[in-house]
Amino acid sequence: MPTSGSLWADVHGLVLGAVFLLAYSGGLTGLFTLRTKWETATGLRVLARQLIAGTWIMALVAWLTVITGTYVAYPLYRSEFRSVLMTSFWNTFSMEWKIHIGWFAPILATTVAYVVTRYRTQLAEEPRMRQAMVVLFTLAFVTAGVAGLLGALTNKVLPVY
Amino acid sequence: MMLRRQRRSEPAQSGKPREALSNGRAAAAMLAAGIGSLVFGFLTILVQVSPAVRNALQFYQPAGQITGLTTLSVAAWLISWYILFRLWKEQQVPFSWVFAVTLLLTVLGLVGTFPPFYGLFG
Chain D
2 MPTSGSLWAD VHGLVLGAVF LLAYSGGLTG LFTLRTKWET ATGLRVLARQ LIAGTWIMAL
62 VAWLTVITGT YVAYPLYRSE FRSVLMTSFW NTFSMEWKIH IGWFAPILAT TVAYVVTRYR
122 TQLAEEPRMR QAMVVLFTLA FVTAGVAGLL GALTNKVLPV Y
Chain C
28 MMLRRQRRSE PAQSGKPREA LSNGRAAAAM LAAGIGSLVF GFLTILVQVS PAVRNALQFY
88 QPAGQITGLT TLSVAAWLIS WYILFRLWKE QQVPFSWVFA VTLLLTVLGL VGTFPPFYGL
148 FG
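Residue numbers (the working numbering), protein chains in the order written: chain D, 2 to 162; chain C, 28 to 149.
In case anyone wonders, no lab produced these hints; they're calculated from the structure. The structure displayed is predicted, hence computed values, not measured ones. The C-beta atom is built at its ideal place from N, Cα and C for all residues, glycine as well. Careful: at least some of the hints might be erroneous.
Simulated DEER-style distance windows between Cβ atoms [what the hints assert, rightly or not]: (1) D:R46 x C:V80: 19 to 25 Å; (2) D:T88 x C:N82: 21 to 27 Å; (3) C:V80 x D:L154: 26 to 32 Å; (4) C:R113 x D:T30: 32 to 38 Å; (5) C:W124 x D:S84: 28 to 34 Å; (6) C:A47 x D:T4: 30 to 36 Å; (7) C:R113 x D:L154: 42 to 48 Å; (8) C:S77 x D:R50: 44 to 50 Å.
Please model the complete structure; the sequences and the hints are all you need to start from.
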């Protein structure tokens, strides 16, 4: 029977993490293929709609992940491992880096979602803007990925119950 | 930096002319993300330097100063976005330049929040 602490850790890491990964792969494909040379006008409009949904899902999931992580899972972890917080490498490096780097993801993902929503099919004619969004979107994914990996490793050594 | 007011017309697929947006809105959103990141990095270092700041940023005691750090950084991001949006929404700005600055600010923010780096100030 999972405890509330481990349940929150699973929701924060596994459930939201999996949705984030799916939304990123869909969004990246959409951003990459949103080109006037590759798509018809109807295709561009459909793709733009899918892209808007994908990027907002990724942004929303990123916000939910950092908020549940910071305000629910992290306090449980701190209270459980208070005695080793200042000495364990898993806290002084791994958890410390995780709680910081994770917060870059929602900010960057929201920026991409906003630009995709505002510019829609016009992005297909703006290669520099589209490339910039691909970079920011990937940066959001990488920062979330580092946070996720560090979280998974730390949870192996210092699990929250 | 040269800014010019510009709205470009383009033929829409439906036959009705559609106004293309200037790139200022996208540039404002991007640069604001960079500013928010930089503020996050800067505050993280400040917390190491000043115990008073560390205590002041414990907005939610069980989670410690990360709550204040992130709240203020998100506030800086949103406020700078609002200001830049008001300034640039109708402008055509040098997009590559703004993107380069955004990346630089984001990387500085990432460096500032890297434990071995901010640990140098503790």
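Results of checking the hints against the structure:
Checked against the hint of 19 to 25 Å, the C-beta distance between D:R46 and C:V80 comes to roughly 49 Å, which is inconsistent with it. Roughly 22 Å separates the CB atoms of D:T88 and C:N82, a value that falls within the hinted 21 to 27 Å. Look at C:V80 against D:L154: about 30 Å separates their beta carbons, and that is inside 26 to 32 Å. A hinted range of 32 to 38 Å holds for the C-beta pair C:R113 and D:T30, which are about 34 Å apart.
Checked against the hint of 28 to 34 Å, the pair C:W124 and D:S84 fails, with Cβ atoms roughly 51 Å apart. Restraint check, C:A47 to D:T4: a C-beta distance of roughly 55 Å breaks the suggested window 30 to 36 Å. At about 44 Å, the CB distance of C:R113 to D:L154 agrees with the hint of 42 to 48 Å. A hinted range of 44 to 50 Å for the beta carbons of C:S77 and D:R50 is consistent with their spacing of about 48 Å.
Violated hints for the displayed structure, listed by number in ascending order: 1, 5 and 6.
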